[in-house]
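> Protein sequences appear in the order of chains A and B. Just so you know, we're using numbering that gives the first Met the number 0 here: the first sequence kicks off at 0 and counts up by one. Just so you know, we're using numbering that gives the first Met the number 0 here: the second sequence kicks off at 0 and counts up by one.
Some hints here could point you the wrong way.
Identical chains share a label here; the pair holds if one copy fits it or two copies do between them.
Dumping the calculated DSS-like pairs for lysine-lysine here, alpha-carbon to alpha-carbon at most 30 Å [said to hold, decoys possible]:
1. Lys91 x Lys421
2. Lys49 x Lys421
3. Lys417 x Lys80
4. Lys56 x Lys421
5. Lys379 x Lys13
6. Lys358 x Lys265
7. Lys284 x Lys13
8. Lys56 x Lys393
These are computed hints drawn from the structure, not numbers from a lab.
There are 2 protein chains.
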Amino acid sequence: MYIQQLIAKLGTEKVSRNETELFRHSHDESPHIPVEPDVVCFPTCREDVKAILEIAKMNQIPVTAFGAGSGLEGQAIPIKKGISMNFENMNKVLDFSPDDMLITVQPGITRMQLNKIINRHGLMFPIDPGADATIGGMVATNASGTTAVRYGSMRDQLLDLEVVVADGTVIHTGTRAKKSSSGYHLTGLFAGSEGTLGIITEITLRLHGIPEHTMMATCTFNTLELCGIAAQSILQSGILVMKMELLDAMSISEVNQYYNYNFPVKHSLFLEFAGSKSAVEEEVKIVAEIMKDLGAEDWQVASDPTKQREIWKARHELCYVFLHQNGIDEVGADVCVPISKVPNLVEYARKLIDESGLKGGIWGHIGDGNFHTLIVFHPKIAEEREIAEGINEKLAIRAIEEGGTCTGEHGVGIGKIKYQEKEHGDALSIMKNIKQLLDPMGLLNPGKIFR
Amino acid sequence: MYIQQLIAKLGTEKVSRNETELFRHSHDESPHIPVEPDVVCFPTCREDVKAILEIAKMNQIPVTAFGAGSGLEGQAIPIKKGISMNFENMNKVLDFSPDDMLITVQPGITRMQLNKIINRHGLMFPIDPGADATIGGMVATNASGTTAVRYGSMRDQLLDLEVVVADGTVIHTGTRAKKSSSGYHLTGLFAGSEGTLGIITEITLRLHGIPEHTMMATCTFNTLELCGIAAQSILQSGILVMKMELLDAMSISEVNQYYNYNFPVKHSLFLEFAGSKSAVEEEVKIVAEIMKDLGAEDWQVASDPTKQREIWKARHELCYVFLHQNGIDEVGADVCVPISKVPNLVEYARKLIDESGLKGGIWGHIGDGNFHTLIVFHPKIAEEREIAEGINEKLAIRAIEEGGTCTGEHGVGIGKIKYQEKEHGDALSIMKNIKQLLDPMGLLNPGKIFR
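Isolated chain A, as found in the complex (with noise of 0.2 Å):
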């Protein structure tokens, strides 16, 4: 029935109930189990959001947003069924002031198709969590990557969200200032919300300068602990680098072989550098000797862009090289804690998985005190995917333990609803409150965050 509302109201061409898009919007790039929703809608303007909700409301139908498909906790799968919303055809520019840095664009615009019509104007969208996701998914989990250690996270490249709520009301979180203390802070409420409180339908950032001069360097330690000690070290010299980025023996043995690279096969670090040619070359100077006074090996810098590429190419295919065997699938951590807990924590990390017998790498943002595992089972052995998951549960709760979070830029979906209570306490039942009073029928993509 409601399906027919929404044909009549949206047009049959924004309303698919096609097998192919059925499967489509059943899953993400987790491992999480798929399910299809009943129908998938293409809204192109606020109104259809609007009405779809509205249709939902009175129907009681599940509503879930469905952006690149690129997220690694299940957020985009519909498992109540009911709607899943897909924004591909909501992903213009309504607004760009390259004089204020600042954009406003629907939430189905990806970051690549934005960088492309930005860059030209000498500036960037620097969050990259490596997948080509849309805007629109990465403020609802508050999406970071290799270049928030400079610039943060999605929550803070936001001036302003349009959002539709529940009831359907259209409301504006915030103003096109760069700063404000006027109300309650409803953007960084749903930034990483997940879908949960509102549908986003007009996104406005905060726009970055081209760095002028870029520069890489690569290094080599004995010990994991010793990179997490050497990223600390960096971190205090007070040089803001553009990324720094942790790779295991493990992993670089294996993006070699997968990709024929030529990486010494030792703990990693790779690190960006980013300003004017001076400051840049004045930087990994003091890094090299800084680097080199901690035992690090194989200084390497690169000034070439292709050469550069070439690297951080290496650093984005290590979440494939690990599943290049079919059938194979994977489990991974997605911890972040203080800096001064993390030499402790890769270590305890690479114990974990060198005692299960499985295999598994480790990577991440160091310089955030972010990092990932991703361990390797055979689905059909059972066996394995207890260990794996076993491994992962050890590491977010170590991991809250030593004052961090189960996830630092994954969101919670389903794989994290487990910890909330362990890591919010009794700050959950306000979480849960104000989802009651935001959306009271709970339609809005439920069974993710909370139970």
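Guided by the hints, dock chain B onto chain A, whose structure is given.
Frame of chain A; chain B shown alone:
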């Protein structure tokens, strides 16, 4: 009756009805009408705060938090009387981790007390609203000031807050990890809520390294519009200045006269650069070129720390020079707009003041698009007050219409309530609902932010 309960629970030394104390807690630095509380409490720990809130709840007594009393919108004035909660005995450092560049403090510590403790470790807390405000008060109003152009506002410095909510529950809003995608962003919600949603009892702040080298530069322009354009050009150059302040000719003239300075009596920019020596020197050179191309005059560079301190002293004294006559009163705007709107808006502000026949200056954090006016009047001449407040109102409304906010850093308090509907539209009902959810009896700082 409840005062007896407070004394029984906290002891006489933490509860005062002394006339001097009642008067001290009746006002802040704003021109809003003072109201004395019925009693002042001086908690020393979280348990005291809990006890006070429980007694307040039982007896339905309003509770208003009081930091240093340096607020500019009357947030600390207990307009419904009841309890004023003063944090001067909750000013301890609870945990300091220089390795993580993190510190956890009680809300009553002032920013100068804090810096004194951390500076010797090569670290600083850069947010500087001028006054030696308490960190708790700065969180509550989302304060910022001269360095926001580089470091952002208070909200951007927060990793975790401990908050006692109205029903006495103690929550933590975050963790000690630098970033997180776990759960709703309650940290951002409580920051800037002006004590209307809960009482903050612990604050975990990110700290920053003290830059190796700083340099200052000052220059003048023939029009305020050109000052705005110059600010925009510096931002677009990608150079991350430490401070970027506007002072109009009238302000310069007043500060020269009152403190015997010798600044050229023209619209001026005061700039500070910070970083490694060579980077700073390069940046100063680049900005000098940009400024001269735009017609800047009187370009002066100061590398000597004493000279730099003297210039910033003059800037900070501005807020007081207009008030040196006995019995004079003032109103001030705190608008913040996208940077491209600044040139027109500062010209508009100057025109309004000139036409009014009143004396007033314009200055502020032009790099954020945030500036203040200060207009003085004789409180006994009702017409003057009306004119001054009319200018304030015109600027606030124009700022909102230009996509900005009525308050960039002072907060809503009493004075900006009347603009909340215009600025936030339907989002205001959601804010009110959140207030109702967290403080159903309306006991926490009643009469602020909302009517």
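> It remains to establish, for every hint, whether it holds in the given structure.
Now the hints, each set against the structure:
1. Lys91 x Lys421: between (40 Å within a copy, 27 Å between copies)
2. Lys49 x Lys421: between (36 Å within a copy, 23 Å between copies)
3. Lys417 x Lys80: The answer is within: 22 Å in one copy meets 30 Å, while 44 Å across copies does not.
4. Lys56 x Lys421: between (33 Å within a copy, 29 Å between copies)
5. Lys379 x Lys13: neither (39 Å within a copy, 66 Å between copies)
6. Lys358 x Lys265: within (16 Å within a copy, 69 Å between copies)
7. Lys284 x Lys13: Intra 56 Å, inter 56 Å, cutoff 30 Å: neither.
8. Lys56 x Lys393: Neither: 40 Å inside a chain and 41 Å across chains, both beyond 30 Å.
The earlier numbered hints that this structure contradicts are 5, 7, 8.
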